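Chemist: Chain A is fixed; fit chain B onto it per the hints.
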Amino acid sequence: MPKFQSLTDTEMEVMQIIWKLNRSVQSSELLTIFSEKGWKGQTIATFLSRLVDKGLLSVTKGKGRANIYNPRLSFKEYKKWEAQSLLDTMYQGSVKTFLATLYDEKVTTEELDELKKWFSDK
Amino acid sequence: MNEWLNFMITLSVAGSCVSIFAYSITVISREIFTAKWHYRNRKLALSFFLLPFFLIAEVALLFKKDNQLMQLNSLPFIQQNTILLTEAFVQMVFIIWLTGVFITSIWFLFVYQKLYRELRRNCVAVPKEHKVWGILAQLQNDMNVKREINLVYCQANISPFLVGVFKSTIVLPIYAIQNDELTMILKHELIHDKKKDLWMKRAGILARILHWYNPLIYFLQKELTKWCELSCDEDVVLKMSHTERKMYGEMILNMMQRANQQPNSPFSVSLFTKGQMKLKKRLIRILEAQQVSKSIVITAITLFLVFGSVGIVSATFVYKNIQSISENKNMEIQLEYVDIDKREIDKNSSKTISVKLSDKSKFSEEEWSKILKQIENNEVILEEK
Numbered sequence: 001m002p003k004f005q006s007l008t009d010t011e012m013e014v015m016q017i018i019w020k021l022n023r024s025v026q027s028s029e030l031l032t033i034f035s036e037k038g039w040k041g042q043t044i045a046t047f048l049s050r051l052v053d054k055g056l057l058s059v060t061k062g063k064g065r066a067n068i069y070n071p072r073l074s075f076k077e078y079k080k081w082e083a084q085s086l087l088d089t090m091y092q093g094s095v096k097t098f099l100a101t102l103y104d105e106k107v108t109t110e111e112l113d114e115l116k117k118w119f120s121d122k
Numbered sequence: 001m002n003e004w005l006n007f008m009i010t011l012s013v014a015g016s017c018v019s020i021f022a023y024s025i026t027v028i029s030r031e032i033f034t035a036k037w038h039y040r041n042r043k044l045a046l047s048f049f050l051l052p053f054f055l056i057a058e059v060a061l062l063f064k065k066d067n068q069l070m071q072l073n074s075l076p077f078i079q080q081n082t083i084l085l086t087e088a089f090v091q092m093v094f095i096i097w098l099t100g101v102f103i104t105s106i107w108f109l110f111v112y113q114k115l116y117r118e119l120r121r122n123c124v125a126v127p128k129e130h131k132v133w134g135i136l137a138q139l140q141n142d143m144n145v146k147r148e149i150n151l152v153y154c155q156a157n158i159s160p161f162l163v164g165v166f167k168s169t170i171v172l173p174i175y176a177i178q179n180d181e182l183t184m185i186l187k188h189e190l191i192h193d194k195k196k197d198l199w200m201k202r203a204g205i206l207a208r209i210l211h212w213y214n215p216l217i218y219f220l221q222k223e224l225t226k227w228c229e230l231s232c233d234e235d236v237v238l239k240m241s242h243t244e245r246k247m248y249g250e251m252i253l254n255m256m257q258r259a260n261q262q263p264n265s266p267f268s269v270s271l272f273t274k275g276q277m278k279l280k281k282r283l284i285r286i287l288e289a290q291q292v293s294k295s296i297v298i299t300a301i302t303l304f305l306v307f308g309s310v311g312i313v314s315a316t317f318v319y320k321n322i323q324s325i326s327e328n329k330n331m332e333i334q335l336e337y338v339d340i341d342k343r344e345i346d347k348n349s350s351k352t353i354s355v356k357l358s359d360k361s362k363f364s365e366e367e368w369s370k371i372l373k374q375i376e377n378n379e380v381i382l383e384e385k
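Sequences listed follow chains A and B, in order. Its first residue numbered 1, the first sequence is counted upward by one per residue in full-length UniProt numbering. Its first residue numbered 1, the second sequence is counted upward by one per residue in full-length UniProt numbering.
Worth flagging that the hints you see were computed from the coordinates, not collected in a lab. Note that the structure is a prediction, hence the values are computed from the model and not measured.
Examples of chain A residues lying across from chain B (beta carbon under 10 Å, computed): (1) M90; (2) T101; (3) K106; (4) W118; (5) F119.
Backbone N, C-alpha and C fix where the C-beta goes; we use that ideal spot for every residue, glycine too.
In isolation and in its complexed conformation, chain A is listed as follows:
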């Protein structure tokens, strides 16, 4: 999995169509869907290859020369990945100099259970 990179508005638009279809697609299909935007085949191909680079789509060769694109993540998974990247940033340390938090320690669930038990007796 590559490092999380945010999607541009247009890339998001393309992805939303793919998520809605919920199956593998070819660029010719998307060209029909986005016909009102006046995009050329090359434009769609560029967006799709960028989405492949960003880890949202996988590509396979279909019959003839056409590429077939498959979504690698669902919308929910994408959102979770996005949120995780914020958490990673937050736990890097330097970021804490810009915020005032309620807590900044990472404590495991087991340790928390132990603490809760200890605290309830206080």
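Modeler: Chain B only, in chain A's frame:
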């Protein structure tokens, strides 16, 4: 440049002295004094890193010093190789310092814009009709916080926090939080806002940029973050009953548990780990925080004043010493100059010298008129071309 370097070194030494002193006192008085007091001491240390308090002592000596300086400045200087070397050295140190300042600033800018981007991507404004706005308005009223505060939800399982340069924003995790917990969270963040903790954090960043070479500033920043949180807890719980304090402590534990994304460790640890230990100490403080007696308040204020004096005395000592080193250097040069001058006078008195008209530019007007007189008296020979 030299002055600037002296200034920065003095600030660094003053800040370091107060930090060390404040920390040593904390080691022995951690439980006696309030978290607010420890936090104030750290803030005092930070202010010594940033503000030139030593100039207060300087002002008192200004008149005396002015006279001395005038006397020194009235003597002309001779440039010597040793001084040139020192200047080159000072220049080098200055460039290194400036490079460090530049790199640290860029680093903070990078971190901030990364955070800002991530937050924008992950946060949505809390709808105006949501109950959380009502709770916030009530608390703002009770706590007399007049500033406008923004509220956003974040899709990541974060700890609630306060952020924002011009307008403070409270960021909440998007999962449902019960009203009583929500009240305590918002109160905690509003206290941060009321006490201008974000400005303290910014001052900390500025100090870290300016004193990047000083390991104590990194240590102080950690201490500031820690006592900032503990002092905020103290403010929240001070008027609470034991049961309410327990609820507050449980709220922190609940929030952490909900945010915890780490899978359970297969290796169960029976001893408290560092993070757990810190949290345990924090919870004990929440339960035990209380108004302190008058004698402790007086001791605390006295110690606070002592810290301030330590800073001012150490800074003035360093500042004056650095200055006297440069003054001493000047004195030595002047003595040398006087020595050379004397030898030349001796030389002049034993030998008759000769001058050319083209030499005029080498002398000052006064000297030249003296020489002209000496030519008239045949004490000096005027050479023809």
